[in-house]
Amino acid sequence: MAMMHALRALNGIVLRELYRFVHQRERFASALVRPLVWLFIFAAGFRSTLGVAISPPYETYILYEEYITPGLLGMIQLFNGMQSSLSMVYDREMGSMKTLLVSPLPRWFLLTSKLVAGVFVSVLQVYAFLVVAWFYGVEAPLFGYLTVLPALLLSGLMLGALGLLLSSWIRQLENFAGVMNFVIFPTFFLSTALYPLWKLQESSEFLTALAAYNPFSQAVEMIRFALYGQFNGYASAFTGVALALCLVLAILGYNPSKGMLHRKG
Amino acid sequence: MNSYPEVALSVANVSFAYGTRRALDRVSFDVPKGRCTFLLGPNGAGKSTLFSLITRLYESRDGQIRIDGFDLRRESCEALSRLGVVFQQPTLDLDLSVEQNLRYHASLHGLGRREARSRIQEELERQSMFERRQERVRQLNGGHRRRVEIARALLHRPGCLLLDEPTVGLDVPSREAIVAYIHGLCVEQRVAVLWATHLIDEIEPEDGLVVLHRGIVGAHGTLREVLDEIDAPDVADAFRRLTRDP
Chain A
1 MAMMHALRAL
11 NGIVLRELYR
21 FVHQRERFAS
31 ALVRPLVWLF
41 IFAAGFRSTL
51 GVAISPPYET
61 YILYEEYITP
71 GLLGMIQLFN
81 GMQSSLSMVY
91 DREMGSMKTL
101 LVSPLPRWFL
111 LTSKLVAGVF
121 VSVLQVYAFL
131 VVAWFYGVEA
141 PLFGYLTVLP
151 ALLLSGLMLG
161 ALGLLLSSWI
171 RQLENFAGVM
181 NFVIFPTFFL
191 STALYPLWKL
201 QESSEFLTAL
211 AAYNPFSQAV
221 EMIRFALYGQ
231 FNGYASAFTG
241 VALALCLVLA
251 ILGYNPSKGM
261 LHRKG
Chain B
1 MNSYPEVALS
11 VANVSFAYGT
21 RRALDRVSFD
31 VPKGRCTFLL
41 GPNGAGKSTL
51 FSLITRLYES
61 RDGQIRIDGF
71 DLRRESCEAL
81 SRLGVVFQQP
91 TLDLDLSVEQ
101 NLRYHASLHG
111 LGRREARSRI
121 QEELERQSMF
131 ERRQERVRQL
141 NGGHRRRVEI
151 ARALLHRPGC
161 LLLDEPTVGL
171 DVPSREAIVA
181 YIHGLCVEQR
191 VAVLWATHLI
201 DEIEPEDGLV
211 VLHRGIVGAH
221 GTLREVLDEI
231 DAPDVADAFR
241 RLTRDP
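Chains as they are written, first to last, in my numbering: chain A, 1 to 265; chain B, 1 to 246.
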């Protein structure tokens with residue numbers, strides 16, 4: 001694979017995803033409105049009922065809005081990852097996925113490029129949300145907006161790879177709706193996005209264990225620390241391993257001799 | 001490397017099964033350069049499966065497919081770089097412009113910006129679509145979309161062009177324009193074309209013909225040769241006889 005060819009292809013795949021994103025304004029609006037509803041309404045309502053004690057990376061008492069902001073960043077990327085996989089299932093049903101897969105590049109490279117393109121879009125969405133949140137009064141340290149970028153890239157890749165994995169094993173769009181319910185909601189609610197682990201521990205040890213080993217929890221914690229200029233090694237490593245696992249399984253799923261594309265009727 | 005200079009696409013002893021159901025059974029034929037070869041067969045004959053194998057959407061361990069001499073299994077990138085495809089389903093991105101769709105394809109084939117621009121202009125002018133390059137694909141009618149797809153498939157100058165029922169759903173003038181254009185392409189640029197269709201009036205006497213029935217090649221040669229061989233008066237009669245169930 002020639003390096004120049006690969007870079008041009010990656011550039012083309014990312015540009016296509018950005019063009020599509022720009023043309024689909026309602027997709028951008030819904031990606032922004034969803035977390036804002038949680039921030040403006042849900043967080044405001046729960047501010048008084050959920051007390052959050054001082055725990056790293058926070059050095060003082062914080063409002064609930066501030067606590068759930070990293071979780072909402074993760075939520076944007078989770079939805080974006082699922083949206084990408086949904087569009088891949090759609091593309092496969094409609095045929096446009098074929099134009100990508102018959103390109104003269106290794107399939108793992110094409111799928112990874114598609115993943116990277118999705119992450120670019122999700123990072124744009126996250127920063128748009130952070131700007132609105134800043135005006136609302138949820139402010140992270142200024143350098144945090146820079147240090148959070150690598151964390152967003154890693155978490156975006158991991159959640160995108162999870163979506164890619166799902167898309168490789170889902171045959172039809174109708175089946176996708178169920179998976180969204182069985183994946184997005186449990187992943188989001190069984191995590192540290194809305195409440196810290198110790199809070200969950202008060203209710204159930206079992207749920208706490210599930211939340212602790214939920215890769216989405218670790219991605220959210222990685223983002224939380226990075227937004228305050230700190231590095232959470234365990235969460236980053238956990239997210240990295242989850243990314244590798246999902247990506248390898250997704251590439252296997254799209255392998256012409258082994259995976260999903262091979263089965264029919 | 002290229003050891004079959006006159007054969008652009010070679011399919012040799014290819015078999016494929018979905019589970020226990022055999023879709024293709026030792027299929028063999030060649031598509032020579034400069035000729036339009038039509039793939040005929042009733043629904044369920046295995047045409048779509050064969051196209052999926054040639055485009056490497058599926059992979060078969062039985063038999064061999066070579067494109068411009070490159071083994072599709074072992075040298076897949078080299079082989080696919082010499083293949084242009086127009087799928088049966090429209091595969092353009094409706095929300096992007098004609099030019100954006102073509103640029104995307106050019107980037108997947110590693111064409112640089114300048115080269116891509118000049119080839120896009122060249123191919124779109126050939127299809128009389130250059131003036132409409134800024135329009136969104138959604139605004140084009142079916143015939144124009146097909147023209148854009150053909151321009152896209154030829155952008156990287158493939159030696160072999162696969163067409164999977166590209167004229168289905170088009171009006172008569174659009175169909176005739178595509179048939180004439182593709183035949184001209186074979187003569188002028190020596191492109192090899194494999195064309196799956198149900199519309200037998202698109203075939204000319206010197207075109208190649210592969211008749212597929214129940215996953216088996218029933219006849220292979222030029223249309224004239226096949227008609228002589230089975231003593232049929234026309235392609236419709238030949239097709240009926242070759243696809244008759246016992």
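Honestly, I wouldn't trust all of these hints.
Said to hold, decoys possible - Simulated crosslink set (DMTMM-like; lysine to aspartate or glutamate; CA at most 25 Å straight-line): (1) B:Lys33 - B:Glu75; (2) A:Lys98 - B:Glu135; (3) A:Lys98 - B:Asp71; (4) A:Lys98 - B:Glu78.
FYI, nobody ran anything at the bench for these hints, they're computed from the structure.
Right, here's what the structure says about each hint:
1. Proposed proximity of Lys33 (chain B) and Glu75 (chain B) is supported: the alpha carbons are some 20 Å apart, at most 25 Å.
2. Taking the CA atoms of Lys98 (chain A) and Glu135 (chain B), the gap is about 23 Å. The hint holds against a cut of 25 Å.
3. With a C-alpha separation of about 20 Å, the suggested pair Lys98 (chain A) and Asp71 (chain B) falls inside the 25 Å cut-off, and the hint holds.
4. For the proposed pair Lys98 (chain A) and Glu78 (chain B), the alpha carbon gap of about 18 Å is at most 25 Å, so the pair holds.
Violation of the numbered hints given earlier is absent; every hint is satisfied by the structure.
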